[in-house]
Amino acid sequence: LRHLGRIAAAFALIVLAPAVLAGCAGKPRPRVAFDPDQVPEAYAASTAALMWPGASRAFQITPAGDLFNGDWMVDIRASADAEPVGAPRAIAYEGRWMPVAHWVRRSGDVRWEFEAVALPSPPPRDTGLIVSLVARATNTGTKAHTARLELTIARPASAPLFVAFDAPEAPLPNRRWNGGGREPAYGWVDGGAADSTAAIAWSLGAGASRSARFVLPAYPTEARALGRWATKSHQNRADEVRDYWNREVAGGTAFTLHDPEVEDALRAALVVLLSCREQRGELWVPIGNPFQYRDVWLRDGARAVAALAVSGHGAVARDLARGLAELQWPNGPFLSQRGQLDGTGQALWAFEQSMLRSSPSDSIARYAEAALGAWRWNEWQRSLGRASGWRFGTMMPFGDPRDGELVTAQLVGNDAWMLAGYRSAVRLLRAAGRNAEAAAVESTRVAYLGDFVRLLNASGRRDIPPSWQGDGYDWGNLAAPWPCMVLPASDPHCAALAQRVWAEAGGTGLGTYGSSDSLHAYVAADLGTWALLAGRRAEADRVLEALLHWRSASGGAGEIFTRNGAYGTNLPPHATAAAALVSLVRNALVFDDGDSLQLTLGARERWWSHGQVLRAPTRWGSVDLDFDATPGEARWKWTPVPVWTTLTLPPGSRAASRPAPPLVLSESGETLLAPPGTGHAEIALARGTALAPGSATSEAIASRP
Amino acid sequence: MSRDSRLRTKDRLARPARGAGGPRARRLAVLACGLAAVLALWWQVWRSHPGAAPPAPPLPGEDFKAALALVNGHHYLASLPHLRRAISATQDDFMELHLTLAVHLHSATFEVRQRPWPVRSVRSSIERIRMMREAIAEMERAGNFPLDSIHTGYLYERYGAMMQIWGFNWEALGSYRNAQRWSAEYAMRADDFMNRMHEPDRSAPGPVPSIP
Chain A
1 LRHLGRIAAA
11 FALIVLAPAV
21 LAGCAGKPRP
31 RVAFDPDQVP
41 EAYAASTAAL
51 MWPGASRAFQ
61 ITPAGDLFNG
71 DWMVDIRASA
81 DAEPVGAPRA
91 IAYEGRWMPV
101 AHWVRRSGDV
111 RWEFEAVALP
121 SPPPRDTGLI
131 VSLVARATNT
141 GTKAHTARLE
151 LTIARPASAP
161 LFVAFDAPEA
171 PLPNRRWNGG
181 GREPAYGWVD
191 GGAADSTAAI
201 AWSLGAGASR
211 SARFVLPAYP
221 TEARALGRWA
231 TKSHQNRADE
241 VRDYWNREVA
251 GGTAFTLHDP
261 EVEDALRAAL
271 VVLLSCREQR
281 GELWVPIGNP
291 FQYRDVWLRD
301 GARAVAALAV
311 SGHGAVARDL
321 ARGLAELQWP
331 NGPFLSQRGQ
341 LDGTGQALWA
351 FEQSMLRSSP
361 SDSIARYAEA
371 ALGAWRWNEW
381 QRSLGRASGW
391 RFGTMMPFGD
401 PRDGELVTAQ
411 LVGNDAWMLA
421 GYRSAVRLLR
431 AAGRNAEAAA
441 VESTRVAYLG
451 DFVRLLNASG
461 RRDIPPSWQG
471 DGYDWGNLAA
481 PWPCMVLPAS
491 DPHCAALAQR
501 VWAEAGGTGL
511 GTYGSSDSLH
521 AYVAADLGTW
531 ALLAGRRAEA
541 DRVLEALLHW
551 RSASGGAGEI
561 FTRNGAYGTN
571 LPPHATAAAA
581 LVSLVRNALV
591 FDDGDSLQLT
601 LGARERWWSH
611 GQVLRAPTRW
621 GSVDLDFDAT
631 PGEARWKWTP
641 VPVWTTLTLP
651 PGSRAASRPA
661 PPLVLSESGE
671 TLLAPPGTGH
681 AEIALARGTA
691 LAPGSATSEA
701 IASRP
Chain B
1 MSRDSRLRTK
11 DRLARPARGA
21 GGPRARRLAV
31 LACGLAAVLA
41 LWWQVWRSHP
51 GAAPPAPPLP
61 GEDFKAALAL
71 VNGHHYLASL
81 PHLRRAISAT
91 QDDFMELHLT
101 LAVHLHSATF
111 EVRQRPWPVR
121 SVRSSIERIR
131 MMREAIAEME
141 RAGNFPLDSI
151 HTGYLYERYG
161 AMMQIWGFNW
171 EALGSYRNAQ
181 RWSAEYAMRA
191 DDFMNRMHEP
201 DRSAPGPVPS
211 IP
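Listed in order, the protein sequences are those of chains A and B. Take 1 as the starting number for the first sequence in this note's numbering and just add one per residue. Take 1 as the starting number for the second sequence in this note's numbering and just add one per residue.
The following block holds chain B by itself, in its conformation from the complex (with noise of 0.2 Å):
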């Protein structure tokens, strides 16, 4: 397929069609009601928080900076038990609480550690799998506080490169679309990965998601 019609795929991907249509405008108009689907899966879940309050400022108990001062050290796995007594603490609950928890539970799948050899840190897949699902859990908690534009962007930019990672890329792309609405920044990132999904032997690979 030529450089223009991928552009033109990423295009309608991009902008769902309009109106009646022949059989691939039908196609799309599905499409794009399965990505809306997504997208009004999470704002229900993530509005439907009763007791929501406006955003509290962080509140950086002693157990939340020593998570931070742990995870500079890049040692994800050890500051989760920190993040957890934050969490269960607080008064004022807010979203980074449980974003960061989020965030790092991932990113200590991934740790290594490097003493006495290296070895990942954590067990096995039963122990990760385990801990991405408390993940996903602590992202919707994050997602139910009230947010503005930017936080949700923001919230469905990181899962979607959690999903990415994982692998679980129809997820990714409807959570980087769902970002692209709430800030544009997140276009080129949801564009590219589409075509990478279209074409994942032509497009260029791109760039692995960081967590954090």
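Next comes chain A alone, as it looks inside the complex (with noise of 0.2 Å):
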């Protein structure tokens, strides 16, 4: 066997080597045929983002098939025999993920495909973009027909959706494409045009096809400099982005699961999450969106350095976390936006979980640091409101958030974000020796949880209100389960804020947002780790079925739509919805959040034909996983860690027999027990689940203490 391996490692070196050799020497690989529109679309209208990591624009690629960066608009106009274009069906990119962009118009006979990729522009500009688009007309007809192509660079006529920060005020110069000597050109195309539009005629015989290549700036740029990043054609350039892209997502943690939708639509997630930064000097800064939400909100840029520090890509998510440091305040606080007062908890629970995994920065100290900080303010402001003796006077005062709760009230969800805030700055101060201070704050957490659950349970209201006075829409409120963890996954207010949620957005795993008829991409995606921490492994499913299917042919998923996929304004992708969905299929995987490594707690049917996790960043180490199911028998294999290790069974199924020790079965019959330092199981399996997740018998044991 070892002799038939080298055998087929010698002749896959053979067979590759001028492919390989290829690449190096610059030309082309091989056009991979794609066709956009037979991939699944979730939105009314396509739309694509031309995005890179740092540039401080972007494009979109617009329902209709035309190019905007916040400042100009590149509108695509082609025909044949007069016959204008109709708008693209799909906008998608390869695999649903890589970001090459492709996109068909058809004009009678005639079928224009557009395939687009953005690569950062050349030094000594940091901050920009440059796309290179290709535009290819076939003439599928039997008759031979003209076709025109006209690209013409202009500004919107009204208000965009989106506009960049720097947009200058002035209008465009009359030139606008290369042609002009040194002159700034918005647009290259071999031949240059002379004012704003770019204009191309081909008569194409039956089956003939031509194409066109221009390469478009982010900001203005010397005309000569576009034709010198011009003279690598396009293909090559495709090629670089489907280099760039392999290896950054190969760089973060390894999840084969037997399952591309799953596997392609975590990549799409990293795509969105290491694209949506920005650079301010050194420092690196999460933002919300490549288009209207490009700024910085410590409530999505908290998400993105979880999700990317979980995913393995932990450089990255700690580069973003020192950005997010900038947005402490003199007094202790942590604020992104006026009365977002969830900010200061977000902001340690971000550090903690970049800052710890896979072992403690070296720079910690600085984070202990600003946690105390913050803490000394909360409980200072703790101390003011015991003192008041106001009802609510030991919570957080009030927030007026213009998002999210809606409300001007003392909303829950800061005092859930706070005291994950405080569980954090424990852990952070303890990695950083400061014993006696997390020994303090540890304190000061349990009297505050304790306020917490007093006021809850005083409240009268069977589920998680969005406001301490009761009134707001969903929000912090979700995250008390999971990622905050303020009450334990059993306790009844989490069931009962789930159902609630659920069942107002019709049983679709999402929750909904202001208008019962919409939807939001992640608002509620929080309650599916919930759901896997409390054992209701089919809801969590749910969950991530909507998170898969609410994504659009480039892999990208709103932030609130309809239910008939209209986003209006609202483009998407979404960063935080990129974050939710990597955090619950690593969760479904590895868990890590608790006093114990929790694997496989919601791995699907699919993934157990050997599933496998490698690199996974967790709070005991680098962690790999592999697992597989058999009708008779599930096997795990993994790292050891000094803490014990939770394995749940495969959906469907329960221990035939008791494990071998130090396994321990638990009482449900559906998870084993593994001490620290183990490092392999396997049992005994029989169909069916002792007890149906939702059940009563399954929430009477899932509520006990």
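If you're looking for bench data, these hints aren't it; they were derived computationally from the structure. Each hint should be verified, as a subset may be incorrect.
To be clear about the criterion: a stretch of chain A counts as covered by chain B if any three or more of its residues have a C-beta under 8 Å from a C-beta of chain B, and this derived list gives those stretches [to be verified]:
#, segment
1, 148-161
2, 333-346
3, 383-397
4, 408-414
If the Cβ cut is set under 10 Å, some of the chain B residues that face chain A in the computed set are [said to hold, decoys possible]:
#, residue
5, 110
6, 116
7, 117
8, 124
9, 184
Glycine included, each C-beta is placed from N, C-alpha and C at the ideal position.
Fit chain to chain and form the complex, with the hints in mind.
This is the structure we're talking about:
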């Protein structure tokens, strides 16, 4: 067998060597046929981003098939014998994740194929990007046609959906394409153009095909520099993009799940998270989306940091956390937007999530100190509130977040996040060796949590309300079960909250926001992880299914949309929706937020045909996991950790016998417990769950103290 | 809670309880100590300026005048370089320069430019929070000058308004109470805001402080 393996390796080397060498020599790889119209599109109007990490602008490929960067449009008009093209059905990335965008438009017999990629601008500019675009016209009919293509660079006639922060007030110059010598150009086309429009006309015989190449910078760029950039073919530029993103994605945790949809969705989410970053000098900061949310929110940035940290992109996550540290105020709290008081807890949580996995960062002392300042600030507030004698005085003061709960009230989510921040502060201080201060924070956390639970129980609510006063939309309260974990997963308040939210959304697995007709991509996604922890695997899977479904053909998810997929002015992709998907899939396989390592909490049936997770960063080091199941047996192999490991059996199965020591079978019969230092487990299986998730008996067990 | 009990709560916070009492009195005493500590801290910072000179008359240099002209057109962001230059160039530093810079820094964080289309003038929260940190530092510098009660009260009120707008309510209330100690005209504002903190869903939304 070893001999056969060597022969296979040698054969592969011989076969692949020419391709590798061709790549090194700059020759494009063979073009792979890709039909964007075959890619699923969840939204009523397909759109995609041409974006790049660190760039301060991005191009949107609009549903009409044009390009817009927040400053100017590239209006693409094509026709065949004066018959104009229609809008594309879908604007798709290759494999629904690789950001090589394709879209097809048709005018009569002529099929117009567009392909575009974004790459960073060459030095000295380090915040720009350049798009390479190819338009190819193919006459699919039996008679000749005249195909015309015009690309016009112009400002939109009316207010656009997003505006670049640095879009100048001055109108664009008359000459916008190359051809004007050293003048900055807004686009490059072979031969240039005298004004705002580059026009091409071809006579296409039956079956004939012609193509044209355009180079489009996000900022006006010296025409000669664009010309130099264009000397490398579009195919080569597209290969550069493929190489870059394959390398970036492969640099993180490797998920082999035998589930292409989930694996591609993870890659797509990582492309969004890695792209939605900007630079401020040496600092990196997370932004909400490449278009209308090019700002920094702690509530979104913390999610991005955590998702990147748990998916093996720890260095990027730490860089972004360092950026978020800039949002600390002199009095101690963290706040990014007025009235959004959840920011302090979120910042501390983001520091902990990124700085402690897989081992404490060298700069942990700085974050421990920042956490201590934030904790002191909130304890000062709590002391004043306690002295006030007000009913909710010990909770955070009222907030007017102008978003989220959309109410002026004392928000439950603010306290849930602050409690999460206290927990994170304890972990950061311990990691920094400041044990006495960690103990002090822990004692106040216990007291704060006691106040929280007492007020929740006194509220008369079965669930967890948005605000202590009772009003508001569900938002921060949805994070209370997880990631804030202020209540045990078995607490009936969590189940009541989930049931209410999921029922309002019609059992779609998502939540609504504002109108009951709406769906929100991520606001209730945390309940998926709560469901995993509560043993409600089917409900967690429904959340995952919804996250997978509500993605564009370019793999990104929006924020709020109707059940018909209309997102209005709220363009996808949203970074927090991407983070929600990464977090849920990762938690379904490797969960390390609690005191034990929990594996295969929500592994789907097909993942059990030898699933593998490599280089998963956890609080106890980097963990590799192998798991597989046959009808009669389940097996796990993982990197041993110094805490107990909980192993969840495959869905629809139960233990057929007691496991061999030192493994212990849980009372529910659905999980095995492995003591610290264990790295291997197996158990005989019988079909059928002992207790159906969500059943009355399961509830009773789940709600045990 | 009835209107009467709200008034009683307001009264408690406005006038710290004296002497020993029950748990309520002790709570009030702790609260009063907390607010007094805020006051003391501020006062210490403000009065610790070693070379404090009597308030100088405004010296509106060209930069200062240019800044004011820009502010009249609501161009706060554009006014900042002028103000910074005015401060760095002045021989006779005075409170108004620092207060003006602080206030305009704060205002600029909310500025929206209209062309080519409406968009916030300051790029992101990273820049806005940096500006607010600078604004707070400038407020503290302004407080280092020897001030009469009117100016002191005004400074506290302005700082409270900044804190209220950003959502730091306890800081805002503390600063309003400090303003009230220097000028009774701020008492109603402090009381209204305290009522709002107590029952944010019942009290009528107070006016959003305008800066400037």
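Each hint, compared with the structure:
Only when three residues or more bring their CB closer than 8 Å to a CB of chain B does the claim for the segment 148-161 of chain A stand; here the count is 3, and the claim holds. Check result for the segment 333-346 of chain A against chain B: holds, 8 residues qualifying (beta carbon to beta carbon below 8 Å, three or more required). With a threshold of 8 Å between beta carbons, the proposed coverage of the segment 383-397 of chain A by chain B holds, since 9 of its residues qualify and at least three are required. Check on the segment 408-414 of chain A: 3 of its residues sit with their Cβ under 8 Å from a Cβ of chain B, so the three-residue criterion for coverage holds.
The criterion of a C-beta within 10 Å of any C-beta in chain A is met by residue 110 (chain B), whose closest approach is roughly 8 Å, and the hint holds. Look at residue 116 (chain B): its Cβ gets to within about 6 Å of chain A, closer than 10 Å, so that hint holds up. Interface restraint check for residue 117 (chain B): the shortest CB-CB distance to chain A comes to about 5 Å, inside 10 Å, so the restraint holds. Restraint check, residue 124 (chain B) versus chain A: the minimum CB separation of about 5 Å is within 10 Å; hint holds.
The interface hint given for residue 184 (chain B) is violated, since its Cβ lies 23 Å from the closest Cβ of chain A, which is over the 10 Å cut-off.
The structure does not agree with numbered hint 9 stated previously, though it agrees with all others.
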